[in-house]
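Residue numbers (this note's numbering), protein chains in the order written: chain A, 1 to 79; chain B, 80 to 332.
In case anyone wonders, no lab produced these hints; they're calculated from the structure.
In this text, a Cβ means the ideal position worked out from N, Cα and C, and glycines have one as well.
Heads up, a few of these hints could be off.
[Stated by the list, open to error] Some but not every residue of chain A turned toward chain B, in silico, with C-beta under 7 angstroms:
# : residue
1 : F36
2 : L37
3 : G57
4 : A61
5 : I66
6 : G68
7 : L69
[Unchecked claim] A few chain A positions that, by computed beta-carbon distances, are all more than 12 angstroms from chain B:
#  : residue
8  : E2
9  : G10
10 : A40
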Amino acid sequence: MEAEAAALLGKYIGAGLACLAMAGAGIGVGHVAGNFLAGALRNPAAAKEQTATLFIGMAFAEALGIFGLVVAMLLLFAV
Amino acid sequence: MAAGEDGSFIHPMDQFLVKPLFISEGNTGLLTITNSTLWMAISVAAIALLTITGTRGRALVPTRTQSVAELLYGFVRQTVQDVVGDEGIKYFPYIFTLFTFILFCNMLGMIPGSFTPTSHIAVTGVMALTVFVTVTVIAFVKHGTHFLMFFWPMEAPGWLRPILCVIEIISYFVRPISHSVRLGANMLAGHAVLKVFAGLFAMMLAGGLGALAVLPLAGMVGLTALEFLVAFIQAYVFMILTCVYLNDALHMH
Chain A
1 MEAEAAALLG KYIGAGLACL AMAGAGIGVG HVAGNFLAGA LRNPAAAKEQ TATLFIGMAF
61 AEALGIFGLV VAMLLLFAV
Chain B
80 MAAGEDGSFI HPMDQFLVKP LFISEGNTGL LTITNSTLWM AISVAAIALL TITGTRGRAL
140 VPTRTQSVAE LLYGFVRQTV QDVVGDEGIK YFPYIFTLFT FILFCNMLGM IPGSFTPTSH
200 IAVTGVMALT VFVTVTVIAF VKHGTHFLMF FWPMEAPGWL RPILCVIEII SYFVRPISHS
260 VRLGANMLAG HAVLKVFAGL FAMMLAGGLG ALAVLPLAGM VGLTALEFLV AFIQAYVFMI
320 LTCVYLNDAL HMH
């Protein structure tokens, strides 16, 4: 019983720790958007063609944060 | 977890349950029609309705429906043209199908009480895996075994190439995972957050904090707007990543 409770506790702590992935994803997406804006204000004429690249960069940065969610989900429901 | 009017509990994850529609829980099989199937069918029907009624008139001055259909078509075609180039136009129907299906599934999932098929990794996983296999087959058909040079970066210094090769191979095979999980988890997380805020609102009302309950309600209105944006952006990202993978297969970097 004790061991089970400890395992449950570990599960929840682990799931909470996995939320730290959000910090990284936030930094990453912020960098992408901020640098895009800085570049776009410097040269607004070229900005329109680069929106696709912006979204690709954001998607890659965000994916790593989402892996954190997956880890949390696995800990809560699958382990 | 929110307490309903009759004291029943609604879990935020309950909305993602796949339920059989016409038969009881026990006799489900491989071909059982579930709520997921139903909403996918509704999405396909909505797309068919839009494109068929949109192209029926073929007026010089388009009606509203025709404008929407033309806008959708032109938008996807332009993206394929920009990212893949003229060679990619051959695969435009596939990418258009993927984009409209995901977009409509995401958007129809925003109707309260509806079901979002794209919030399930099983659905997005199949789509991402199909893209992965298709793109790899296209690459091997076009370049033959020369495509394996894709994993051997010639521009790097010699001693670095084996290490980069391992990284390239891993990043290639992780593509279907990140491709599917991105869409699925975004939809899952967004809808779960909406329900959590709704639960908070209901709990605060039930707890007698009437005035303060405005806060989660306002948060929910903002999040709903954000979710509509995410529904579109994720469909767009799925499409554009498909285009990028296709571009890699056709032009090898």
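Verification of the supplied hints:
1. F36: This hint is violated: F36/A lies away from chain B, its Cβ roughly 14 angstroms from the closest one there, beyond 7 angstroms.
2. L37: 17 angstroms, violated
3. G57: At 11 angstroms from the nearest chain B Cβ, G57/A fails the 7 angstroms test, so the hint is violated.
4. A61: Hint on A61/A: violated, closest Cβ of chain B at ~11 angstroms, above 7 angstroms.
5. I66: 4 angstroms, holds
6. G68: This hint is violated: G68/A lies away from chain B, its Cβ roughly 10 angstroms from the closest one there, beyond 7 angstroms.
7. L69: 5 angstroms, holds
8. E2: Check passes; 27 angstroms lies beyond 12 angstroms.
9. G10: 21 angstroms, holds
10. A40: A40/A clear of chain B: closest Cβ-Cβ about 17 angstroms, beyond 12 angstroms.
Violated hints for the displayed structure, listed by number in ascending order: 1, 2, 3, 4 and 6.
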